[in-house]
Amino acid sequence: MKLLEDVPSAVAHRPPPRRTRLTLGVAAVFLLVAAVVGVLLVASGGSDDTAADRDPRPSGTLADWAAGVTDACTTVAAEQPIMAQGPEVRLDVANLAVVSAGTSALVAAVHDVPLPAEEAEQAQAGATVTTGDQAAQAWTALTDTSAEVTQDQVTQAAELTAGFVAGMTQLGANCAPIG
1 MKLLEDVPSA VAHRPPPRRT RLTLGVAAVF LLVAAVVGVL LVASGGSDDT
51 AADRDPRPSG TLADWAAGVT DACTTVAAEQ PIMAQGPEVR LDVANLAVVS
101 AGTSALVAAV HDVPLPAEEA EQAQAGATVT TGDQAAQAWT ALTDTSAEVT
151 QDQVTQAAEL TAGFVAGMTQ LGANCAPIG
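In full-length UniProt numbering, the protein residues as written are 1 to 179.
What the hints contain is simulated information worked out from the structure, not anything from laboratory work. Heads up, none of these hints are tricks.
Ranges of calculated distance between the beta carbons of each label pair, as one might list FRET restraints:
{"no.": "1", "residue 1": "127", "residue 2": "149", "range": "25 to 31 Å"}
{"no.": "2", "residue 1": "33", "residue 2": "63", "range": "48 to 54 Å"}
{"no.": "3", "residue 1": "61", "residue 2": "92", "range": "35 to 41 Å"}
None of these values were measured; they are calculated from a predicted model. Built from N, CA and C at the ideal position, the CB exists for glycine as well.
Could you build all of it, start to finish, from the sequences and the hints given here?
What follows is the structure, encoded as structure tokens:
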């Protein structure tokens, strides 16, 4: 009987063995990966680009910018035929989405042209590009709204687009393909 008394009737629970080395190893790998990803993000400039971050660096003269804008106008007129049909087509509410896409394509193409390096020329070209941004925003606002678009709103967006094209033309670009 003595033997039965020495055997415990319940199993004693022991705490699980500590896995400190495994935990520290996993933490070290995680920190190493996070550090590498952080260095890559800093080196690439991050992912929160703005339009100004994507624009090419200023270089050349106003004549170089105008030549690049001429090419952009010609390309957009070929890719977006609505833009080559004249300003009166932009006033038709039925063409709202197509004109919005064409204006956005023109503005994006002009953003791809480096601004002139000289500050006064850069300011002139920059003002024209800003007008283009305003035109693209106006068209986007009209296409994104669920309310009925009025003829006055379309006229205002069309005037902004015409002002953008006129500004590029005044600075020496040939935007004749864009009506």
